[in-house]
Amino acid sequence: MSTPADLLEDLTDDVDAVFVFSPSSGFYEQFEESAIDVVVVAPENNVDAETYVELPLPFENVRDRIRFGIEGAMDRDIVDDGDEVACVVSIFGDDHDSLVRVRVDEAMHSGVYGLFANSRADPGVIRDVFEVVIELGKKGQKGKPVGALFVIGDAGKVMNKSRPLSYNPFEKSHVHVGDPIVNVMLKEFSRLDGAFVISDSGKIVSAYRYLEAGAEGVDIPKGLGTRHMAGAAITRATNATAIVLSESDGMVRAFKGGELILEIDPEDY
Amino acid sequence: MVLQSRVDLEGLLWSVPDRLWLALGVFLLAVVLGLLVVRVNAGLLRRAGLPETIEGTAFERTVRGIGTSTVAILSQLSGWFIVILGVIVAIAVAEPSYAEQFWSQTTGFLPSLFVAVLILIVGIVVGDKVELLFSERLRSVKLPQIGIVPTVAKYSVFYVAFVLAMDQIGVATFALVVLLALYALALVVFGAVAGKQMLSSAAAGLYLFLNEPYGIGDTVKIGAQRGVVQEIDVFVTHIEADGEEYVVPNDRVFEGGIVIIHEE
Chain G
1 MSTPADLLED
11 LTDDVDAVFV
21 FSPSSGFYEQ
31 FEESAIDVVV
41 VAPENNVDAE
51 TYVELPLPFE
61 NVRDRIRFGI
71 EGAMDRDIVD
81 DGDEVACVVS
91 IFGDDHDSLV
101 RVRVDEAMHS
111 GVYGLFANSR
121 ADPGVIRDVF
131 EVVIELGKKG
141 QKGKPVGALF
151 VIGDAGKVMN
161 KSRPLSYNPF
171 EKSHVHVGDP
181 IVNVMLKEFS
191 RLDGAFVISD
201 SGKIVSAYRY
211 LEAGAEGVDI
221 PKGLGTRHMA
231 GAAITRATNA
241 TAIVLSESDG
251 MVRAFKGGEL
261 ILEIDPEDY
Chain S
1 MVLQSRVDLE
11 GLLWSVPDRL
21 WLALGVFLLA
31 VVLGLLVVRV
41 NAGLLRRAGL
51 PETIEGTAFE
61 RTVRGIGTST
71 VAILSQLSGW
81 FIVILGVIVA
91 IAVAEPSYAE
101 QFWSQTTGFL
111 PSLFVAVLIL
121 IVGIVVGDKV
131 ELLFSERLRS
141 VKLPQIGIVP
151 TVAKYSVFYV
161 AFVLAMDQIG
171 VATFALVVLL
181 ALYALALVVF
191 GAVAGKQMLS
201 SAAAGLYLFL
211 NEPYGIGDTV
221 KIGAQRGVVQ
231 EIDVFVTHIE
241 ADGEEYVVPN
251 DRVFEGGIVI
261 IHEE
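Residue numbers (the working numbering), protein chains in the order written: chain G, 1 to 269; chain S, 1 to 264.
Extracted from the complex, chain G is given alone in its bound form:
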């Protein structure tokens, strides 16, 4: 005889930690007295939790969200390989409506946490670029889908492994991603070919760059075009991170070390 309560008990049976995603302070207090570790994964630590993983993007895909939280916790040795954790997340709406049991495994390490936390560029810069790209993917250029390629971090090396396609509109300008004017500027310039190069601190170094890094041995999923190939190749040759907006399917993909790390649909945000 299995009741829903039994089912829940099976799921929560000797877990090593509980991951609570974006809790309100009232919700978090219920966990505070429990004996097991509680890890809060949220955009901001507004419950003053001891163990806290910052969520830079509100990943709409729950797998990505959980993966990010667990990788962040693994990175800080809060949980280890083989631990069982219970994740309390919200899938529909804002309230917590689901409990997911996950076995922490080195194999599930996709690098999505490292994409933000362990990149050369500041996590905030990568998050800002993601926001710009998602916005660009949602709205497109005058209603038409648009493609774009952003190379973030290690700008000196990236500049030396690329050449200009035209004069650089960002020459002698000092705009940073996250400045309010930038969204409009990038939208205009995304009509043109080539990559945007962004420095570690978020300064937009150049547009219209033709990336010349060799693509030998770069392994990305079949069906992705030259823009993705160029993005993947430059991240293999340098310590940069590439964020690509696909013109054909409208997806945003992030590459690091020549590998596809994260794939999100801008329409979800």
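Worth flagging that the hints you see were computed from the coordinates, not collected in a lab.
None of the values given here were measured: they were computed from a predicted structure.
It is possible that part of the hints are untrue.
As the list claims (entries may be wrong) - So the derived label-pair ranges between C-beta atoms look like this: (1) G:ALA107 <-> S:PHE190: 53 to 63 Å; (2) S:GLU245 <-> G:PRO180: 29 to 39 Å; (3) S:THR53 <-> G:GLY223: 51 to 61 Å; (4) S:TYR207 <-> G:ALA107: 47 to 57 Å.
Ideal Cβ placement from N, Cα and C applies to all residues, glycine included.
For chain G, the structure is supplied; the task is to place chain S on it using the hints.
Okay, now just chain S, sitting in the frame of chain G:
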């Protein structure tokens, strides 16, 4: 009977001297003007975005607590000023001899008092705002002692406002001004001594920002360090070579010059 009382009233009205009518007129005019000024001032302050600017300051919160707002206080202050001035003028018109003895000093004093109160309020609001701005700026600095900086900035502004206000109403403030000057001098001297390197770096950084003799991606040699420029900010330039990133203060650019390497 009715006629009788009307005559009485008329007689009473006629018996009032013209001077008093004039005084009443002045008083009413002052009240109307004061109300008008309150309305116009409140509108102007709101239009200028004052409520948004001072949102969250301690002063605004306190006056909200007693059921008013900074905008209301400031605009009513100007209204009261005009009304009080009107009253004094009215009294002067009605009883010139009496007024000259007593009010001449007060009339001279009143604008100063008004300005002093205004300075005090503005000083308090600005001080609160400065504290808020500083603490927002320093929020990312995880150092408990850093909390003193916004507080010091706030009380500095308060102090200046206080001295100005006291000076307005004619209290001897010489000692306070000397204290202020000493404080400012100490700030400048310490700032100059401690931040000499920073200042010269910032000056050099300004030049680098405006003229961009080298950009990100160029190979340069600054002093003994040679590498690819990764980042330029106001104070330092990051150059990287073989996985080693040098953070070079910008004043070195002027001290030793730079070599821009075009070809290997």
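Query raised in the report: Does the Cβ-Cβ separation between THR53 of chain S and GLY223 of chain G fall within 51 to 61 Å?
Result: Roughly 53 Å apart at Cβ, these two residues keep to the hinted range, so it holds.
Query raised in the report: Do the beta carbons of ALA107 of chain G and PHE190 of chain S sit within 53 to 63 Å of each other?
Result: Holds, at about 57 Å.
Requested in this report: Could you check the hint for me, namely that TYR207 of chain S and ALA107 of chain G are 47 to 57 Å apart, CB to CB?
Outcome: holds, 53 Å
**Report entry** Distance restraint evaluation - GLU245 of chain S, PRO180 of chain G, Cβ atoms, bounds 29 to 39 Å
**Finding:** Distance hint for GLU245 of chain S, PRO180 of chain G holds at roughly 30 Å.
When the structure is compared with the earlier hints, no violation turns up for any of them.
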